[in-house]
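Colleague: Produce the complete structure using the sequences and hints provided.
Mapping of the sequence shown onto our numbering: position 37 corresponds to residue 1222, and the numbering continues sequentially without gaps.
In short, the hints are calculated from the structure, not lab data.
In this text the structure is predicted, and so the values were computed from the model without any measurement.
Watch out, some of these pointers could steer you wrong.
No more than 27 Å apart at the CA atoms, straight line, and that leaves these computed lysine-lysine pairs for BS3-like [said to hold, decoys possible]:
| id | residue 1 | residue 2 |
| --- | --- | --- |
| 1 | Lys1338 | Lys1277 |
| 2 | Lys1310 | Lys1337 |
| 3 | Lys1328 | Lys1259 |
| 4 | Lys1201 | Lys1256 |
| 5 | Lys1256 | Lys1285 |
| 6 | Lys1281 | Lys1261 |
| 7 | Lys1194 | Lys1277 |
| 8 | Lys1220 | Lys1314 |
| 9 | Lys1322 | Lys1285 |
| 10 | Lys1256 | Lys1316 |
| 11 | Lys1328 | Lys1316 |
| 12 | Lys1261 | Lys1201 |
| 13 | Lys1285 | Lys1194 |
| 14 | Lys1194 | Lys1337 |
| 15 | Lys1259 | Lys1214 |
| 16 | Lys1321 | Lys1310 |
| 17 | Lys1316 | Lys1338 |
| 18 | Lys1321 | Lys1337 |
| 19 | Lys1322 | Lys1281 |
| 20 | Lys1277 | Lys1198 |
| 21 | Lys1214 | Lys1201 |
| 22 | Lys1256 | Lys1310 |
| 23 | Lys1281 | Lys1201 |
| 24 | Lys1321 | Lys1338 |
| 25 | Lys1337 | Lys1316 |
| 26 | Lys1277 | Lys1310 |
| 27 | Lys1316 | Lys1277 |
| 28 | Lys1194 | Lys1214 |
| 29 | Lys1310 | Lys1281 |
| 30 | Lys1277 | Lys1259 |
| 31 | Lys1256 | Lys1220 |
| 32 | Lys1285 | Lys1338 |
| 33 | Lys1285 | Lys1310 |
| 34 | Lys1338 | Lys1308 |
| 35 | Lys1314 | Lys1261 |
| 36 | Lys1328 | Lys1277 |
| 37 | Lys1310 | Lys1322 |
| 38 | Lys1337 | Lys1281 |
| 39 | Lys1194 | Lys1256 |
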Amino acid sequence: MNYNPETFKLELKAIKIAGGEETVRFEAKLYINSKFAATVSNGGTGGCHDWYWQSREWEALYNQHIEYLDKQGKFKFNFEQGDELIDEIIAKREEKNLLKRWCRTQTVFILCDMEEGEYPVIKAKYSPKIKAFLIKKYGDRLKEIVNERFLKK
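Modeller: Okay, here's the thing in C-alpha cells:
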C-alpha cells in the first residue's frame, strides 16, 4: 500500500462512547481509504488507546499519515499522536452532535471575537426573523449562525 497525503482518507465508523473515568471510553472502527483497517478503543481509565489492526500494512500506512501530519505541525503533543488524531475526530463528532441537538430548539451563533468552542444561544427556534435580529444586533461581529449548518437543502 502506497501512502499519498493527497488521497489519504481517514474515517471512524460505528463509534460507541460510554463515559469514562480519566479518558473517554469508546470503541470505533477505523477506515482508511474506505477500507476497514482497525478497531480502536479505550477503556476510559487513562492511558493509550488499544489498536487491533487488520494487518501490519494498515498500521504502517496510518503511521506514515501521522508522520506527515506531524511535519505539518498538526499535533499539540509529541507522543501518542495516533491517539491524539482519533481523539480529535471523536471530539469533533461529539461537538457536531451536541450543536445539532441544541439547534433543534434554539438559535446558536458565533461572534468573531469569541474563543473557539463558545456558543451563545437564543432560546427560540431559528427563523428568518431571528436571523435578521442577529444581523442587525451584531453586524460584522456575527461570524456564523450555527443552525444554518444543519438546514436541509
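Colleague: Would you mind marking each hint as holding or not holding in the structure?
Modeller: So, going through the hints one by one against the coordinates:
With a C-alpha separation of about 22 Å, the suggested pair Lys1338 and Lys1277 falls inside the 27 Å cut-off, and the hint holds. At most 27 Å may separate the alpha-carbon atoms for a hinted pair to count; Lys1310 and Lys1337 meet this at roughly 15 Å. Using a Cα cut-off of 27 Å, the hinted pair Lys1328 and Lys1259 holds, with the two alpha carbons roughly 24 Å apart. A distance of roughly 31 Å separates the Cα atoms of Lys1201 and Lys1256; the hinted pair therefore is violated under the 27 Å criterion.
In summary, the hint linking Lys1256 to Lys1285 is not supported, as the alpha carbons are separated by about 34 Å, beyond the 27 Å threshold. At roughly 22 Å between alpha-carbon atoms, Lys1281 and Lys1261 fall within 27 Å of each other, so this suggested pair holds. The straight-line distance between the Cα atoms of Lys1194 and Lys1277 is roughly 16 Å, inside the 27 Å bound, and the hint therefore holds. Among the hinted pairs, Lys1220 with Lys1314 is inconsistent with the structure: their alpha-carbon atoms are about 45 Å apart, more than 27 Å.
Between the alpha carbons of Lys1322 and Lys1285 the distance comes to roughly 24 Å, so the proposed pair stays at or under 27 Å and holds. This hinted pair does not check out: Lys1256 and Lys1316 have alpha carbons roughly 41 Å apart, beyond 27 Å. For the hint linking Lys1328 to Lys1316, the alpha-carbon distance of about 12 Å falls within 27 Å, and the restraint holds. The suggested pairing of Lys1261 with Lys1201 holds, with an alpha-carbon distance near 25 Å, which does not exceed 27 Å.
Straight-line distance between C-alpha atoms of Lys1285 and Lys1194 comes to about 24 Å, which keeps the hinted pair within the 27 Å bound. Taken as a hint, the Lys1194 and Lys1337 pair is honoured in the structure, with Cα atoms around 26 Å apart against an allowance of 27 Å. Pair hint Lys1259 plus Lys1214 holds up; C-alpha atoms about 22 Å apart against a cutoff of 27 Å. As the CA atoms of Lys1321 and Lys1310 are separated by approximately 18 Å, the hinted pair is consistent with the 27 Å bound.
Taking the CA atoms of Lys1316 and Lys1338, the gap is near 17 Å; set against the 27 Å cutoff, the hint holds. The suggested pairing of Lys1321 with Lys1337 holds, with an alpha-carbon distance near 25 Å, which does not exceed 27 Å. Between Lys1322 and Lys1281 the alpha-carbon distance is near 26 Å, which keeps this suggested pair within the 27 Å criterion. In summary, the hint linking Lys1277 to Lys1198 is supported, as the alpha carbons are separated by about 13 Å, within the 27 Å threshold.
Of the pairs offered as hints, the one joining Lys1214 and Lys1201 holds, with about 10 Å between alpha carbons and a cut-off of 27 Å not exceeded. With a C-alpha separation of about 44 Å, the suggested pairing of Lys1256 with Lys1310 is violated against the 27 Å cut-off. Pair hint Lys1281 plus Lys1201 holds up; C-alpha atoms about 15 Å apart against a cutoff of 27 Å. Annotation: proposed proximity of Lys1321 to Lys1338 holds, straight-line Cα distance about 25 Å (limit 27 Å).
Annotation: proposed proximity of Lys1337 to Lys1316 holds, straight-line Cα distance about 16 Å (limit 27 Å). For the hint linking Lys1277 to Lys1310, the alpha-carbon distance of about 24 Å falls within 27 Å, and the restraint holds. For the proposed pair Lys1316 and Lys1277, the alpha carbon gap of about 25 Å is at most 27 Å, so the pair holds. For the hint pairing Lys1194 with Lys1214, the CA-to-CA distance comes to about 14 Å; that is within 27 Å, so the pair holds.
A hinted pair counts as satisfied when its Cα atoms are at most 27 Å apart, and Lys1310 with Lys1281 qualifies at roughly 18 Å. As the CA atoms of Lys1277 and Lys1259 are separated by approximately 15 Å, the hinted pair is consistent with the 27 Å bound. For the given pair, Lys1256 sits about 25 Å from Lys1220 by alpha-carbon distance, which is consistent with the 27 Å threshold. A threshold of 27 Å between alpha carbons decides the hint, and for Lys1285 with Lys1338 the separation of about 15 Å falls inside it, so the pair holds.
Restraint check: the Cα-Cα separation between Lys1285 and Lys1310 comes to about 12 Å, which is no more than 27 Å; the hinted pair holds. Proposed proximity of Lys1338 and Lys1308 is supported: the alpha carbons are some 24 Å apart, at most 27 Å. A threshold of 27 Å between alpha carbons decides the hint, and for Lys1314 with Lys1261 the separation of about 41 Å lies outside it, so the pair is violated. Straight-line distance between C-alpha atoms of Lys1328 and Lys1277 comes to about 19 Å, which keeps the hinted pair within the 27 Å bound.
Our distance criterion of 27 Å between C-alpha atoms is met by Lys1310 and Lys1322, whose separation comes to about 17 Å. Of the pairs offered as hints, the one joining Lys1337 and Lys1281 holds, with about 16 Å between alpha carbons and a cut-off of 27 Å not exceeded. In summary, the hint linking Lys1194 to Lys1256 is supported, as the alpha carbons are separated by about 18 Å, within the 27 Å threshold.
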